[in-house]
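Given chain A's structure and the hints, the job is docking chain B onto it.
Number of protein chains: 2
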Amino acid sequence: MSGSEETKQNKQAIFNISKTGNFPDWYTEICKLAELADVRYGVKGFTPFPPWSTMSMELMFDYLEDSLQRRDHLPMIFPTVIPESNLTREAQHVEGFTPQVFWIEDYGEDGKLEERLALRPTSETAIYPMYSLWVRSWRDLPMKLYQRASIFRSEIKSTRPFLRGREFLWIESHNVYATHEEGKAQVLEDLEITKEVVTGDYGIPVMVFRRTQWDKFPGGLNTYAADTLMPDGKVIQLPSTHDLGDNFARAFDIKYLNDDNEFVYAFQTCYGPAISRIYGAMIAVHGDDRGLRLPFKIAPYQVVIVPIFKAKTEEEVLKYCQKVKSKLQKAGFRTHLDNREATPGWKYNWWEMKGVPIRVHIGPKEVQEDKVVLFRRDLLKKETIELKGITKRVKALGEEIDTTLRSQAESNFDGLIVDADTIGLIDDALNKSKIARSPFCTIEMEGLACAEEIKDRTGGEIRGTRIDKEEVTSGVCPVCGKMAEEIVYIARSY
Amino acid sequence: MSGSEETKQNKQAIFNISKTGNFPDWYTEICKLAELADVRYGVKGFTPFPPWSTMSMELMFDYLEDSLQRRDHLPMIFPTVIPESNLTREAQHVEGFTPQVFWIEDYGEDGKLEERLALRPTSETAIYPMYSLWVRSWRDLPMKLYQRASIFRSEIKSTRPFLRGREFLWIESHNVYATHEEGKAQVLEDLEITKEVVTGDYGIPVMVFRRTQWDKFPGGLNTYAADTLMPDGKVIQLPSTHDLGDNFARAFDIKYLNDDNEFVYAFQTCYGPAISRIYGAMIAVHGDDRGLRLPFKIAPYQVVIVPIFKAKTEEEVLKYCQKVKSKLQKAGFRTHLDNREATPGWKYNWWEMKGVPIRVHIGPKEVQEDKVVLFRRDLLKKETIELKGITKRVKALGEEIDTTLRSQAESNFDGLIVDADTIGLIDDALNKSKIARSPFCTIEMEGLACAEEIKDRTGGEIRGTRIDKEEVTSGVCPVCGKMAEEIVYIARSY
Numbered sequence: 002m003s004g005s006e007e008t009k010q011n012k013q014a015i016f017n018i019s020k021t022g023n024f025p026d027w028y029t030e031i032c033k034l035a036e037l038a039d040v041r042y043g044v045k046g047f048t049p050f051p052p053w054s055t056m057s058m059e060l061m062f063d064y065l066e067d068s069l070q071r072r073d074h075l076p077m078i079f080p081t082v083i084p085e086s087n088l089t090r091e092a093q094h095v096e097g098f099t100p101q102v103f104w105i106e107d108y109g110e111d112g113k114l115e116e117r118l119a120l121r122p123t124s125e126t127a128i129y130p131m132y133s134l135w136v137r138s139w140r141d142l143p144m145k146l147y148q149r150a151s152i153f154r155s156e157i158k159s160t161r162p163f164l165r166g167r168e169f170l171w172i173e174s175h176n177v178y179a180t181h182e183e184g185k186a187q188v189l190e191d192l193e194i195t196k197e198v199v200t201g202d203y204g205i206p207v208m209v210f211r212r213t214q215w216d217k218f219p220g221g222l223n224t225y226a227a228d229t230l231m232p233d234g235k236v237i238q239l240p241s242t243h244d245l246g247d248n249f250a251r252a253f254d255i256k257y258l259n260d261d262n263e264f265v266y267a268f269q270t271c272y273g274p275a276i277s278r279i280y281g282a283m284i285a286v287h288g289d290d291r292g293l294r295l296p297f298k299i300a301p302y303q304v305v306i307v308p309i310f311k312a313k314t315e316e317e318v319l320k321y322c323q324k325v326k327s328k329l330q331k332a333g334f335r336t337h338l339d340n341r342e343a344t345p346g347w348k349y350n351w352w353e354m355k356g357v358p359i360r361v362h363i364g365p366k367e368v369q370e371d372k373v374v375l376f377r378r379d380l381l382k383k384e385t386i387e388l389k390g391i392t393k394r395v396k397a398l399g400e401e402i403d404t405t406l407r408s409q410a411e412s413n414f415d416g417l418i419v420d421a422d423t424i425g426l427i428d429d430a431l432n433k434s435k436i437a438r439s440p441f442c443t444i445e446m447e448g449l450a451c452a453e454e455i456k457d458r459t460g461g462e463i464r465g466t467r468i469d470k471e472e473v474t475s476g477v478c479p480v481c482g483k484m485a486e487e488i489v490y491i492a493r494s495y
Numbered sequence: 002m003s004g005s006e007e008t009k010q011n012k013q014a015i016f017n018i019s020k021t022g023n024f025p026d027w028y029t030e031i032c033k034l035a036e037l038a039d040v041r042y043g044v045k046g047f048t049p050f051p052p053w054s055t056m057s058m059e060l061m062f063d064y065l066e067d068s069l070q071r072r073d074h075l076p077m078i079f080p081t082v083i084p085e086s087n088l089t090r091e092a093q094h095v096e097g098f099t100p101q102v103f104w105i106e107d108y109g110e111d112g113k114l115e116e117r118l119a120l121r122p123t124s125e126t127a128i129y130p131m132y133s134l135w136v137r138s139w140r141d142l143p144m145k146l147y148q149r150a151s152i153f154r155s156e157i158k159s160t161r162p163f164l165r166g167r168e169f170l171w172i173e174s175h176n177v178y179a180t181h182e183e184g185k186a187q188v189l190e191d192l193e194i195t196k197e198v199v200t201g202d203y204g205i206p207v208m209v210f211r212r213t214q215w216d217k218f219p220g221g222l223n224t225y226a227a228d229t230l231m232p233d234g235k236v237i238q239l240p241s242t243h244d245l246g247d248n249f250a251r252a253f254d255i256k257y258l259n260d261d262n263e264f265v266y267a268f269q270t271c272y273g274p275a276i277s278r279i280y281g282a283m284i285a286v287h288g289d290d291r292g293l294r295l296p297f298k299i300a301p302y303q304v305v306i307v308p309i310f311k312a313k314t315e316e317e318v319l320k321y322c323q324k325v326k327s328k329l330q331k332a333g334f335r336t337h338l339d340n341r342e343a344t345p346g347w348k349y350n351w352w353e354m355k356g357v358p359i360r361v362h363i364g365p366k367e368v369q370e371d372k373v374v375l376f377r378r379d380l381l382k383k384e385t386i387e388l389k390g391i392t393k394r395v396k397a398l399g400e401e402i403d404t405t406l407r408s409q410a411e412s413n414f415d416g417l418i419v420d421a422d423t424i425g426l427i428d429d430a431l432n433k434s435k436i437a438r439s440p441f442c443t444i445e446m447e448g449l450a451c452a453e454e455i456k457d458r459t460g461g462e463i464r465g466t467r468i469d470k471e472e473v474t475s476g477v478c479p480v481c482g483k484m485a486e487e488i489v490y491i492a493r494s495y
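Chains as they are written, first to last, in the numbering used here: chain A, 2 to 495; chain B, 2 to 495.
Among these hints, one or two may not hold up.
[As the list claims (entries may be wrong)] Subject to a maximum C-alpha distance of 30 Å in a straight line, what follows is the list of computed DSS-like cross-link-like pairs (lysine-lysine): (1) Lys331(A) - Lys331(B); (2) Lys311(B) - Lys256(B); (3) Lys298(B) - Lys256(B); (4) Lys33(A) - Lys256(B); (5) Lys324(B) - Lys298(B); (6) Lys331(B) - Lys196(A); (7) Lys45(B) - Lys256(A); (8) Lys331(B) - Lys383(B); (9) Lys256(A) - Lys33(B); (10) Lys145(B) - Lys328(A); (11) Lys256(A) - Lys328(A); (12) Lys393(A) - Lys196(A); (13) Lys331(A) - Lys383(B); (14) Lys324(A) - Lys382(A); (15) Lys328(B) - Lys145(A); (16) Lys196(B) - Lys145(B); (17) Lys389(A) - Lys348(A); (18) Lys348(B) - Lys256(A); (19) Lys383(A) - Lys328(A); (20) Lys235(B) - Lys158(A); (21) Lys113(A) - Lys113(B).
[Unchecked claim] Quick look at which bits of chain B chain A covers, simulated, 3 or more residues with Cβ under 8 Å: (22) 44-50; (23) 93-104; (24) 150-158; (25) 285-297; (26) 486-495.
[Claimed, not checked] Selected chain B positions facing chain A (in silico; Cβ < 8 Å): (27) Asp39; (28) Arg41; (29) Thr55; (30) Met56; (31) Pro80; (32) Thr81; (33) Val82; (34) Pro84; (35) Glu85; (36) Tyr108; (37) Gly109; (38) Glu110; (39) Glu168; (40) Leu189.
Read the hints as simulated data drawn from the structure, not as lab findings.
Just so we're clear, the structure is a prediction, and the values are computed from it rather than from any experiment.
Where is the CB? At the ideal position from N, CA and C, for every residue including glycine.
Looking at chain A on its own, in the form it has when it is part of the complex (with noise of 0.2 Å):
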């Protein structure tokens, strides 16, 4: 194994914008030229999706439904439309989501259906009515169940690719149990699963916050969100699950025979990670000025091999160049050899804007010395290897890549996060994008008018208290005066 060197491109690079510098030009431009998302569809906040993101967004959907399986959820899957008289059904539910709902009502040439359907916006009222028959004594409970979908808001601020739009891609996992206590339980497996998947598989640290009470799930008894910070200093909820109690088996008839002959109402918990969203976050976390940095494991292709020739040299090297592909293949690496009519360099390029995570060059020098030179799109250095130990370097490559990935995230993460105790110093994190790290009266009902005030004078929002990390409560409330009952965290967010 050889030394290695930064590359020398910069020039003809094919993206080249200050990530830090305009976040929001370099996410238009980095999903247009790498053919992420496309928004000239023409109906605002539906947006296609072509093979490089979708292929990488499958991938992670494997991640998520293998982390969930192995927790003995099964899947189901559900119809895309629900009755009105079912949304109904929860009091604080539907008035949290009717705003956001789509509407059929007619179909064909001039048909009209007897009760409007929703495209649904979450799944609850769809399910739910299905389990209040599904489940029967104790003996069908827990029921884990969840399933892939598209769904459906129509209430938006702007639209931004995979962040924000009108439909997106998510995983809803729906529970059941017979006690209170395997729900809080359950909230806590979810957690486990955002850390294994969100952070372990897909390189995203997130903070989990226990949500304040005006900014939980409709219907719920708490709210638990991971969070992640873009490099704007925003924040954006990625997945989140809800302590549903009882609430929702009271409004829609979910009881199970208990040992005492009796039927008592069971107890919910609800998960929905995002995909389309957490894709997004991913982009905006890994990405650098010379375009995408996908991690190893959700890269569409690992690998990719370019070949450098002059003309009379092209026949061996196109060869030598099949067969690294194949040895790369077989070891189970998704490995791509660019043979496309275009230089070296502009291929290099073309590939860093993707985010491809490892690239091999093959000239005629490699051929004859039996080598190849290795790419690493992270840390921009190459290196020269022997062939026979190509598929053994590309695993441990994967790895070091994808944790580097993880740790430049998690130190830019550490740093953002800044103690404030007045609205003043709220502010100024704030505007300088960091996180503001407050005491704070109460997230219970009380709390939410000393909650606005910061809003209206900072722009900041309460995310709410952590949960993954022990703090000291101290000091008082910036708004009210009143002693802190607890320490919340206030940004700007998505």
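Below, chain B alone, put in the same frame as chain A:
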């Protein structure tokens, strides 16, 4: 390996309806009892799918996507909604599909969309405007992309889970070529995929037809479709593939820059295997009077272990079962240990009804002798083998079961085609739940009147001319008496 014998629990059967005697009731009951679809959702034609059917359909998607990807098709994801103005751009297409569209116009409390949106009934008019932007030069071709999606059709006669509903799950592949010849070659590749996956992996035999001109895809040149035969003698259409010529390229302006630097129209094909419908056909084709018989390749559990014990042997039997389970799981088999409180006999019947291909019975005798009893669902036979040979035997047995299911289905198929060259003979054949093979004037538009007369007098539809079989044409059309130009197949259909 010891001998085998037939099972003897007929009297206890959980499910015991004659499939051939009363197919509609058999189908309804098995969907309910095996928990495949729940018709109590409350909206006509929309049906939740619990885990048992979902897990098999997921495996069916995997085989199909693998087959597509090995032939260089890549996945993409398009929005579920289509602007009304897109739908109207191809005249025949809009005429064919408008009667089937669900429309969205309202959102939230009182919002109105600027333009009505259709829930996609199929995605040509969503995808092709984008293809018009994505295809620039011959270098972009061929473009072979597909999506996994739910589609929606409002116009339904009667509904039946999986076979006929208002929402179904499919793959749609949309391909663009420089020449019509390549498009026609794609049609043949699609048929190859159908044979490989639908027959090879799911075990469902098909006949492949070129459809009549009055029964083709609206807007296309020709439709080629695979039909299979249901136990009641009706045929059902499984995957179909459409040669679109350059019709849609003209309507949606899909042009490429050719070698001579001219922009010319591209040629297209599309292919749409509906997994939920194929799943329904699979139930019907393979099932028997005791319930489902699932192919080994697509069974959610390939092996179920049933412990048999008297009270004091419980612990050692369960330990041995766990060992067998972990051995089978390590070998990659989807294995379940049924540890519920119920008699072994009840469990045998339960898993026969659920269609699990292989059962393992383990009692004190097996533990003592280091053996297991294997039971195969297809032939209802059992055998005793040494534990050490179990993974090898399960693998072989799985392949044997799939071969048996396929060849049983094929032999049912062969006996059901009857030559018939008069209306009377066609009617006779159909009344005996058979398919009539008949000379016919022409499947071009001029033959429509004759086809309508056949339909009126026999209830049979012309499925088209076989393209997977050589036919010698002779005789005259049974309606107009003209010299027959083709041999067609006539059947009642779903």
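Subject >> Numbers of unmet hints, in rising order >> reply: 2, 3, 11, 13, 20, 25, 26, 35, 40
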